[in-house]
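Here the sequence shown stands for residues 30 to 536, numbered as in the numbering used here.
Please note that the accuracy of each hint is not assured.
[Stated by the list, open to error] Mimicking DSSO-like on lysine-lysine, the simulated pairs with C-alpha atoms at most 30 angstroms apart in a straight line are:
#1 Lys-148 x Lys-208
#2 Lys-148 x Lys-201
#3 Lys-75 x Lys-201
#4 Lys-144 x Lys-208
#5 Lys-144 x Lys-201
#6 Lys-148 x Lys-75
#7 Lys-144 x Lys-75
Everything labelled a hint here was simulated from the structure, so no lab data went into it.
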Amino acid sequence: MSALAQPLAESMVQSVDWLAIAPPTLTAVVGLMVLVVDLFLPEARKALLGWVSVAGLAASALMLLPLLDGDRATFCLSGDATACSYTADRFTLVIQFLVLGGALLAALLSITTLKDAAKGLPEGEYWFLLLSSAAGAALLPASRDLATLIVALEVASLPAFALVGIRHGDRKSAEAALKFFLSSVTATAVSLMGVSFVYATTGTLYLTRIADRIQHVDGQFHTLAQTGVVLTLVGFAFKTAAVPFHFWVPDTYVGAPLPIAAYLSVVGKAVGFSGLILVTVVAFPSYADVWGPALAALAALTMTVGNLGALRQQATRAYSAVRLLAWSSVGQAGYLLVPIAAAAYSKDAQKSIGSTVAYALMYAAVNLGAFAVAALVGRSRALNRISDYRGLYASNPLAALLLAFFLLCLAGLPPGIIGLFAKVTVFSAAVDAGLGWLAVVMAVNVVIALFYYLQWTALLFRAPEGEHAKYRVPAPLTAAIALTGALGIALSGAPQLVLRFADTGLF
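Build the full structure now, drawing on both the sequences and the hints.
What follows is the structure, given as structure tokens:
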């Protein structure tokens, strides 16, 4: 009996590749450390927690460098090196760079926000929640089984609910957190039901094995498998803010602290899109006839609803600047969905997925930059209306020029070459896949978006009404604006670097 048990025990013991899992692990460890240190740190020195968190995120991002020499995997089934729970391949590293970089910039914005709140926000809890969410978001693109994917999705999401509602006694914040929580929990429950259907029909949770087995499901289970595929996609569609799972976005962005809105707009989307890519092109390629048309329809609907929502924003309405960025992020999600849908029809799915990743990298840099300037204006204009940006050039020329650059990038107009390059890449992915109608819808939406982006840009350079506000820019906020501006300008000078970097190597 003991002789039989020994080989079985040996097969259950696995060596852990600590270097492969270092980025999310280090982020989680720093989060726990911040929470513990907060208990013993005097109130006057709690600002140190923010800089420790920034340093932790920077260190986690640097841990990606040793992984560039080749693909690594851990937590694999014995005897099957392709069935692993964690894989650090090119796709993983690119998305982890986006996630950790986005979280780092959100952390820089948060340092100023927490200081301005004058102890109105609990610093220890804030940094712990932000780092915990970033750890889950960094884990998700490396996940190669459905159980780990769902766990990573929830680890990224649950702290975000608390961060949205972290302003104690703020009714708007509490309402936003409740809407975000209830809609997300519903989507997760539906997604979990889909995972259970997929497991029931294939007998495995590993993505590579599902791809093989789901093609040979018995005829009587075919409908169950199809239902499982559709339901599994719902949770990730919610995280991408795809229509009709978008209704939480405007209120959540307005109710959350502005750095958290910026974080959700970039890192939250990275989580949703990386999960969506993994379950579609890795786990369910044989069901492309199911998810391809569904994602194409979602893309068209999402970009249209998002851009029309942004177009309707009134310049004098409270928080209209944040609401416009929220609706704009919904529209941008539609563009991001286009290449994923195109992967179902394209002969080169790798190229299509690369287009989504390239667009996500561009969007992350310039959208975080726009939120950073919004955070600057919001320091003296608490209602953050679009009309508050009138004459920004007179009071802070550099901030106005950079915001104009970020908005032109999002619109896809020169000198925002990186935005134009990214949109052309997505457009060509749709055309190459034979989705001409979707390319036409995208072109129409780009024209719609031009109106509200250019309207806001023009407002920056108009003569200010009355005495213009003076904007003092703290060092962390300066760093965030400068980093995003430098990245956007550098990529506009050499846009081919994005597509080369976004070559995911997923297949």
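Discussion item. Hint by hint, where does the structure go against what was stated? Just the numbers, ascending.
Written reply: none
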